[in-house]
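Next come the chains, spelled out residue by residue.
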Amino acid sequence: MNKDVVKSENKKNVKINKNEYILPLADIIETENEFIIEMEMPGIEKDKVDINVENDILTIETNANFEDKCNLKCVTQDFVLQNYKRSFNLNSSVDINNISAKMENGILKLTLAKSENLKPRKIAVKAS
Amino acid sequence: MSIFEDMVKLRRLMNDAFMRNDGYVSYPLINAYDKEGSLEIEALMPGFDKDKIDVNYENNVLTISGENTDKKKSDEKTKYLRTERDYGKFSRSLKIGVPIDPEHIDASYDKGILNIVLKKSEEAKPKKIQIK
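The listed protein sequences correspond, in order, to chains A and B. Taking the numbering used here, the leading residue of the first sequence gets 1, the next gets one more, and so forth. Taking the numbering used here, the leading residue of the second sequence gets 1, the next gets one more, and so forth.
Read the hints as simulated data drawn from the structure, not as lab findings. We put the beta carbon where it would ideally sit given N, CA and C, even for glycine. Careful, some of the hints might be misleading.
Unchecked claim - Straight-line alpha carbon distances no greater than 20 Å define the calculated PhoX-like cross-link-like pairs of lysine-lysine that follow:
{"id": "1", "chain 1": "A", "residue 1": "Lys-102", "chain 2": "B", "residue 2": "Lys-71"}
{"id": "2", "chain 1": "B", "residue 1": "Lys-111", "chain 2": "A", "residue 2": "Lys-109"}
{"id": "3", "chain 1": "A", "residue 1": "Lys-48", "chain 2": "A", "residue 2": "Lys-109"}
{"id": "4", "chain 1": "A", "residue 1": "Lys-73", "chain 2": "B", "residue 2": "Lys-120"}
{"id": "5", "chain 1": "A", "residue 1": "Lys-119", "chain 2": "B", "residue 2": "Lys-127"}
{"id": "6", "chain 1": "A", "residue 1": "Lys-109", "chain 2": "B", "residue 2": "Lys-79"}
{"id": "7", "chain 1": "A", "residue 1": "Lys-73", "chain 2": "B", "residue 2": "Lys-127"}
{"id": "8", "chain 1": "B", "residue 1": "Lys-120", "chain 2": "A", "residue 2": "Lys-109"}
{"id": "9", "chain 1": "A", "residue 1": "Lys-109", "chain 2": "B", "residue 2": "Lys-73"}
{"id": "10", "chain 1": "B", "residue 1": "Lys-50", "chain 2": "B", "residue 2": "Lys-79"}
As the list claims (entries may be wrong) - Residues from chain B that keep clear of chain A, each with C-beta distances beyond 10 Å, as calculated:
{"id": "11", "residue": "Glu-84"}
{"id": "12", "residue": "Gly-88"}
{"id": "13", "residue": "Val-117"}
{"id": "14", "residue": "Ser-121"}
{"id": "15", "residue": "Lys-127"}
{"id": "16", "residue": "Lys-128"}
{"id": "17", "residue": "Ile-131"}
Stated by the list, open to error - Sample of chain A residues facing chain B (criterion: CB under 10 Å; computed from the structure):
{"id": "18", "residue": "Glu-20"}
{"id": "19", "residue": "Asp-27"}
{"id": "20", "residue": "Met-39"}
{"id": "21", "residue": "Asp-47"}
{"id": "22", "residue": "Val-75"}
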């Protein structure tokens with residue numbers, strides 16, 4: 001088995017740039033009446049997330065403060081925590097007054113109700 | 001300096017930037033901090049059920065393993081339009097280079113990050129030696 005050795009030679013200097021964002025990985029799921037977007041945002045409190053819809057563009061942005069923990073003695077560094085930002089074009093497919101969001105275990109889950117004209121509709125055939 | 005040395009240097013820089021030294025990316029991604037009295041390890045693993053994460057320590061090797069079962073079942077009514085997240089089993093082992101106390105390993109999972117604190121054993125702590 002391959003093992004990483006936790007010692008100082010592995011140190012990498014990854015600097016935090018406050019003006020840069022991480023593009024969070026997202027899964028998009030379609031159900032009968034909803035679209036669900038699940039985004040990976042580890043390290044973010046739920047009150048540090050801003051969700052906006054403007055001109056049919058959904059934008060998710062975080063505004064947390066991350067300390068650069070590597071000024072402690074950092075021996076292995078694979079990642080830096082930074083704020084996240086991502087936008088989605090809704091293409092009029094979503095009822096923008098019906099969007100809910102939940103943060104759990106570093107995953108932001110957005111539930112977007114489909115706009116009325118996208119929902120399946122059953123048309124009854126009347127007897128003449 | 002020969003061209004070969006330059007190439008080796010470049011290769012090492014690229015490995016550092018994108019991969020581990022042995023040429024592949026290990027998951028989960030970790031940060032490790034060497035603090036006074038303890039070693040702290042953070043592993044980036046969003047979306048896990050904390051009961052599906054295992055942390056083991058044996059022979060100076062700390063192993064983090066688990067399974068992400070967050071993925072929904074696809075059927076006629078539920079379909080994935082886009083899948084960027086990783087699911088399934090994973091395991092990563094870390095050789096701990098300092099003596100630690102195996103009885104005092106704490107692990108907690110919060111906001112998608114696994115935090116492991118390993119207390120250094122007495123022999124690893126810096127000691128001031130009195131000159132007689």
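Evaluated hints:
1. For the proposed pair A:Lys-102 and B:Lys-71, the alpha carbon gap of about 16 Å is at most 20 Å, so the pair holds.
2. Using a Cα cut-off of 20 Å, the hinted pair B:Lys-111 and A:Lys-109 holds, with the two alpha carbons roughly 13 Å apart.
3. Taking the CA atoms of A:Lys-48 and A:Lys-109, the gap is about 14 Å. The hint holds against a cut of 20 Å.
4. Using a Cα cut-off of 20 Å, the hinted pair A:Lys-73 and B:Lys-120 holds, with the two alpha carbons roughly 15 Å apart.
5. Of the supplied pair hints, the one linking A:Lys-119 and B:Lys-127 is violated, its CA atoms being roughly 70 Å apart against a limit of 20 Å.
6. Taking the CA atoms of A:Lys-109 and B:Lys-79, the gap is near 16 Å; set against the 20 Å cutoff, the hint holds.
7. Proximity of A:Lys-73 to B:Lys-127 is assessed by CA-CA distance (about 18 Å); at most 20 Å being required, the pair is judged to hold.
8. With a CA separation close to 39 Å, the supplied pair B:Lys-120 and A:Lys-109 exceeds the 20 Å bound.
9. Of the supplied pair hints, the one linking A:Lys-109 and B:Lys-73 holds, its CA atoms being roughly 16 Å apart against a limit of 20 Å.
10. Simply put, B:Lys-50 and B:Lys-79 have alpha-carbon atoms about 26 Å apart, too far for the 20 Å limit, and the pair is violated.
11. Not every C-beta of chain A lies more than 10 Å from that of B:Glu-84, the closest at about 4 Å, which undercuts listing it as non-interface.
12. Look at B:Gly-88: its CB is around 14 Å from the nearest CB on chain A, clear of 10 Å, so calling it non-interface holds up.
13. Every CB of chain A is more than 10 Å from the CB of B:Val-117 (nearest about 13 Å), matching its label as outside the interface.
14. Distance check on B:Ser-121: its Cβ is at least 15 Å (rounded) from any Cβ of chain A, clearing the 10 Å threshold; non-interface status holds.
15. Listed as a non-interface residue, B:Lys-127 keeps its Cβ farther than 10 Å from every Cβ of chain A; the least gap is roughly 18 Å.
16. Every CB of chain A lies more than 10 Å from the CB of B:Lys-128, the least distance being 19 Å, so the non-interface label holds.
17. Every Cβ of chain A is farther than 10 Å from the Cβ of B:Ile-131; the closest lies at roughly 28 Å, confirming the non-interface assignment.
18. Given hint, A:Glu-20 at the interface with chain B, is violated; its Cβ is 16 Å from that chain's nearest Cβ, farther than 10 Å.
19. For A:Asp-27, the suggested interface contact is upheld, since its CB lies about 5 Å from the closest CB of chain B, less than 10 Å.
20. Here the hint on A:Met-39 is kept, as its CB sits about 9 Å from the closest CB of chain B, short of 10 Å.
21. A least Cβ separation of about 12 Å between A:Asp-47 and chain B goes past the 10 Å threshold, and the interface hint is therefore violated.
22. Interface restraint check for A:Val-75: the shortest CB-CB distance to chain B comes to about 5 Å, inside 10 Å, so the restraint holds.
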